[in-house]
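*Asks:* What follows is the residue order along each chain.
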Amino acid sequence: MIKIKELHRRWKEFRLAGIDLEIADGEYFVILGPTGAGKTLLLELIAGFYRPDGGDIYIGDKNVTGLPPEKRNIGFLYQDYSLFPHMNAAKNIEFGMRMRGIKDSDTVKKIAGYLNIGHLLHRYSQTLSGGEQQRVALARVLVINPDILLLDEPLSALDPGTQDSTRNILKSIHSDSNLTVIHVTHDQTEARILADRIAIMMDGRIVQVGTPDEVFDRPINDEVAHFVGVENVLKGKVTTSSNGISMLDIGGTMLEAVSECVAGDTVYACLRPENITLGTTGIKSSARNTYEGRLVEMERMGALVRVKVDCGFLLNAFVTNQSAGELGLMYGETVVVSFKASAVHVV
Amino acid sequence: MIKIKELHRRWKEFRLAGIDLEIADGEYFVILGPTGAGKTLLLELIAGFYRPDGGDIYIGDKNVTGLPPEKRNIGFLYQDYSLFPHMNAAKNIEFGMRMRGIKDSDTVKKIAGYLNIGHLLHRYSQTLSGGEQQRVALARVLVINPDILLLDEPLSALDPGTQDSTRNILKSIHSDSNLTVIHVTHDQTEARILADRIAIMMDGRIVQVGTPDEVFDRPINDEVAHFVGVENVLKGKVTTSSNGISMLDIGGTMLEAVSECVAGDTVYACLRPENITLGTTGIKSSARNTYEGRLVEMERMGALVRVKVDCGFLLNAFVTNQSAGELGLMYGETVVVSFKASAVHVV
Amino acid sequence: MGFLTKQKSANNRRTDPLMLLFYILSLVLLLFVFVVIANMIIGQVMTDLSGLVDAASSKPVLKSIFLSLYAGFLATMISLLLGVPTAYILARKNFTGKRFVESMLDVPVVIPHTVAGIALLTVFGANGLLGAPLQPYIQFRDAMPGIVVAMLFVSAPYLTNSAREGFKNVDPKLENVARSLGAPLWKTFAIVTLPLASRHLLIGSIMCWARAISEFGAVVMIAYYPMIGPTLIYDRYLSQGLSASRPIAVLLILVTLVIFITVRILSAGWRVYDKD
Amino acid sequence: MGFLTKQKSANNRRTDPLMLLFYILSLVLLLFVFVVIANMIIGQVMTDLSGLVDAASSKPVLKSIFLSLYAGFLATMISLLLGVPTAYILARKNFTGKRFVESMLDVPVVIPHTVAGIALLTVFGANGLLGAPLQPYIQFRDAMPGIVVAMLFVSAPYLTNSAREGFKNVDPKLENVARSLGAPLWKTFAIVTLPLASRHLLIGSIMCWARAISEFGAVVMIAYYPMIGPTLIYDRYLSQGLSASRPIAVLLILVTLVIFITVRILSAGWRVYDKD
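Protein chains in written order, with this note's numbering: chain A, 1 to 347; chain B, 1 to 347; chain C, 1 to 276; chain D, 1 to 276.
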């Protein structure tokens, strides 16, 4: 267990003001917040790269506040991967073992195989793509068997395709090893998909801590509500997939998406609220996904109305004021929502 | 008239290979091409900042190839505005007149009023926003009454809102002054909206020259077709606008959009093909725009089919293969297209 | 738990032994420089203030210091005249042999000072390549022109390098825009380029001046007389010993430090027009 | 219309008069430096090759050049020992008075050379602050330690500045990662930081060495004997004239140029690990 008590620190323009957190063993804990909230600084304090101005950090029962980073057994992954540019991938991965006086090329090979970088071991970071560097950096960190893995915006420097695959790697590392992971990001979708629990951090403070559902569906105040936004992220299982069209089972409801995923996978379907059409009767159109649901929330936002529809799962949608009037949308009514398979982004 | 004959030039990684162009007086001519095509280099050669390795440039009947830039009377606007940082806005604007030995603060005031920067005249560029810098740079160029205005990606460094207003400024400058404008960009929408004629430039060569309709609807080869893409850009007139909802008249057909524009304006409605729903019968839903049209083109693209529907205006839409099959979409059939007012971006 | 306890627990980490060693070694370096300079100045002021006052009112001393400053000033002016165009060309143009030209211009920085003196004598001495034909018109040996030429040789690279840096920081697009607005090249250079590079030019000039004033080896070989400050210090030291030359050294170093501190303040404060 | 005509019409634009003036002025500067150096070397080789050969086989000459190189080497080693830790602290830490420390460390660059000599004598002379107590153990006046101390004083800033630049180019995140992987600070410094800054360290060392070898004023005041190269040149010039000292100068400049060209090649080629 990691316990952080009343942590204070000023550094350049950033300021951490009394951070309190408890993170359970084996938990995937995401710290979500906008740029400039001080998330990376918090991570670096946990790793011991800086000393706090005040407060304590416990790992297990031990107060590590005074320990140098090399005695904390924490794996740290920076956003830019920070591979040693004067060593090839193999030397980078071996670095931690070398520091412990261990010579074990089998472990390197095993972990390189696990992360699918066996063919890159002789290459230098300048010749590797972002995703490849990321995997080498992960191998370098995993080889030391850290108690805790700290991830600083691990996906934000990657292109969308690599983001998806790296997210899956992080998930499987966590489930395979039962590591405690603290993952810092500004991306809500990332947080929702990966986190066991999420802490919302704003302006140097922890504002809310909870499960993804708690944080996204019951934000503690306006600021958090505004920040976590209204993106629809639905968890589901792929039942069939062919010709680039997949059927997803979202809690018993079937959803069709344009995607190359594999039957049996657990995936997330992302859907922008402006791509959801509301109606009052079922219709036949090229919108492949049509559901009946109950309108559980309506909120005016300028010329638009945000409506929340419960159709087995919760969906946020935008409609114009006129539409809302003409369709006679009302709280508690039954409505028909529809969206095109090509509007669903599967991750 | 500007005539460019067999222009050659190598410079760093760029290479212009035999450029031939003719641009009529008072024409708004857009050079559209991907990054690295050599568009800016061509513009700089026309302005005389570099000498061509071979070829000639005529302005009117005069061969200006050997003239230094200060004798060409050409206005040049760089992407980053390039205001003189050691002069305030007024001094920047006066620069051209000062070089001609003219002292005329009335003209400065008039042009500053025209571009709505009268209140910024004492400020230095570091304290101005991108849009403000852009307008000061425009004033600086217009004050010298250039024969030709060269614009190097004038909108790409601006945020979307400022882009829209600056585009309108460019349009009105052109129509008010009947200047010849050569505008370089990689943005198709920008090109379509502003251009009298478009030249497609790729890899140091001019590939196609024509009106926007010619270039976008009849691209000369696959490469151009791929580059100009399938974005829907519709020209129309605003008939009514209230509560953030506008009605647009697109060649006789009415279209509803979420937009703050003013009745009477001529605008462009942009619409992504994946946000258009196809059906076979009319439906009542929150999709405010529903039209009957004839299917004039179908093309398979992987899991999707791109269809072109003529419903008074041409629309590109994406549907899945399954949809196309289930709906029985066929060339020449009558279909119903619909899209939400919030999916229309008006510029 | 009070705030104090927390402060304590956060700071119970000791300074790393390597950093401690580093602090000690860097303190040695700092003290070496500081003690050498401070000891001379303070020693003079404490033990022999009257010597300093005498030196400051002695005509030969003032004359030699003035000569140092004046000859250095002339060398700096010539450096500006020749170095600014050179710097502009190096900042804007690419040509074959550019690296050779840059290297050649930097050679005086690393050349041993008396070697520079010999080399200058071979060219500007009475029998030298230029000295001989110019003999009827201008005298370099033991004369002001010799001092200026020696100073120019060793100090010009400082100005050229700083000016080149300054011109490189001026975006050529600004010059292009000025041209298209109707400014010929010389007006563009005078109204746009020079003002924007002015900080680097000023700092380069002051560095050039300081370097010119500091030179001894090259100057003493081509012109022992008239004596510049560093030569007078050497001469007094040989003829009358340390206590006679130290006051002059203190005076000269105070002048130098004023120049140096000016550079530091300029280079720290005046960053408005820098690209980054 | 053929290609040739086109080429012509494209190039009918004349070079701007200002650029022409600039080309001429920069040519003057380049020729000044080039002629001074080339004239000495070529003149020696052409008119008095035997003198050069004699000098190259004369024991006192070789001894003095060797002493220059050796004392310069020792000064560079001490600069490394003291300058590398200083540079690392200046690159990584912020503290009040940092600007004063940086300025103080740079003072030797601008100080007149004989002033530095006087200042060093005040501290390391027989009656000096350190010279007096150390008298029984180590002699600075007219001895090797004096030469090394003088060279160290004027050359250490070159190494410190270059090393600081090098350490600044090493991303501290790499050091953080190495620490979290289990490397204590000293191993991190040795395995990550030093190798990545090695190009700057090497260039700084060579610049430091070249500057140490070039010094005359400060060295001659604290130690006329044993004679380093620049002092021997001066001595021969005073006692036997230009033609006796020039061969030594040519030998010394050749040594210096080799060092200098090495720096140029290193600084151009070896950019692999640089941040930008």
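Careful: at least some of the hints might be erroneous.
[Claimed, not checked] DSS-like mimics (lysine-lysine), calculated; alpha carbons at most 27 Å apart, straight line: (1) A:Lys109 to D:Lys187; (2) C:Lys187 to B:Lys71; (3) A:Lys91 to A:Lys3; (4) C:Lys93 to B:Lys12; (5) D:Lys173 to C:Lys168; (6) A:Lys12 to D:Lys168; (7) A:Lys235 to A:Lys308; (8) A:Lys109 to A:Lys71; (9) B:Lys171 to C:Lys173; (10) D:Lys168 to A:Lys91; (11) A:Lys12 to D:Lys59; (12) B:Lys3 to B:Lys171; (13) C:Lys98 to B:Lys71.
[Stated by the list, open to error] Covered stretches of chain A (chain D as the covering partner; in silico rule of three or more C-beta atoms under 8 Å from a C-beta of chain D): (14) 44-50; (15) 67-73; (16) 95-104; (17) 262-269.
Hint data in this document are derived by calculation from the structure and do not stem from the laboratory.
We put the beta carbon where it would ideally sit given N, CA and C, even for glycine.
*Asks:* Could you run down the list of hints and mark each one as holding or not?
*Replies:* Status of the hints after comparison with the structure:
1. Of the supplied pair hints, the one linking lysine 109 (chain A) and lysine 187 (chain D) holds, its CA atoms being roughly 25 Å apart against a limit of 27 Å.
2. For a cut-off of 27 Å, the pair hint linking lysine 187 (chain C) to lysine 71 (chain B) stands: about 14 Å separates their Cα positions.
3. With a CA separation close to 34 Å, the supplied pair lysine 91 (chain A) and lysine 3 (chain A) exceeds the 27 Å bound.
4. This hinted pair checks out: lysine 93 (chain C) and lysine 12 (chain B) have alpha carbons roughly 13 Å apart, not beyond 27 Å.
5. Taking the CA atoms of lysine 173 (chain D) and lysine 168 (chain C), the gap is about 30 Å. The hint is violated against a cut of 27 Å.
6. The suggested pairing of lysine 12 (chain A) with lysine 168 (chain D) holds, with an alpha-carbon distance near 17 Å, which does not exceed 27 Å.
7. As the CA atoms of lysine 235 (chain A) and lysine 308 (chain A) are separated by approximately 17 Å, the hinted pair is consistent with the 27 Å bound.
8. Restraint check: the Cα-Cα separation between lysine 109 (chain A) and lysine 71 (chain A) comes to about 26 Å, which is no more than 27 Å; the hinted pair holds.
9. Proximity of lysine 171 (chain B) to lysine 173 (chain C) is assessed by CA-CA distance (about 25 Å); at most 27 Å being required, the pair is judged to hold.
10. Under the criterion of a C-alpha separation no larger than 27 Å, the hint pairing lysine 168 (chain D) with lysine 91 (chain A) is consistent with the structure, at around 24 Å.
11. This hinted pair does not check out: lysine 12 (chain A) and lysine 59 (chain D) have alpha carbons roughly 61 Å apart, beyond 27 Å.
12. Distance restraint check for lysine 3 (chain B) and lysine 171 (chain B): the Cα-Cα separation of roughly 23 Å lies within the 27 Å cut-off, and the hinted pair is therefore satisfied.
13. Proximity of lysine 98 (chain C) to lysine 71 (chain B) is assessed by CA-CA distance (about 31 Å); at most 27 Å being required, the pair is judged violated.
14. Interface restraint, the region 44-50 of chain A with chain D: holds (4 residues with C-beta to C-beta distance below 8 Å; minimum three).
15. Given as covered by chain D, the region 67-73 of chain A passes the check, having 5 residues with a CB less than 8 Å from a CB of that chain where 3 are the minimum.
16. With 4 residues bearing a CB less than 8 Å from a CB of chain D, the region 95-104 of chain A meets the requirement of three and the coverage assertion stands.
17. Coverage of a stretch by a chain is defined here by at least three residues with a beta carbon nearer than 8 Å to that chain's beta carbons; for the region 262-269 of chain A and chain D the count is 0, and the condition is violated.
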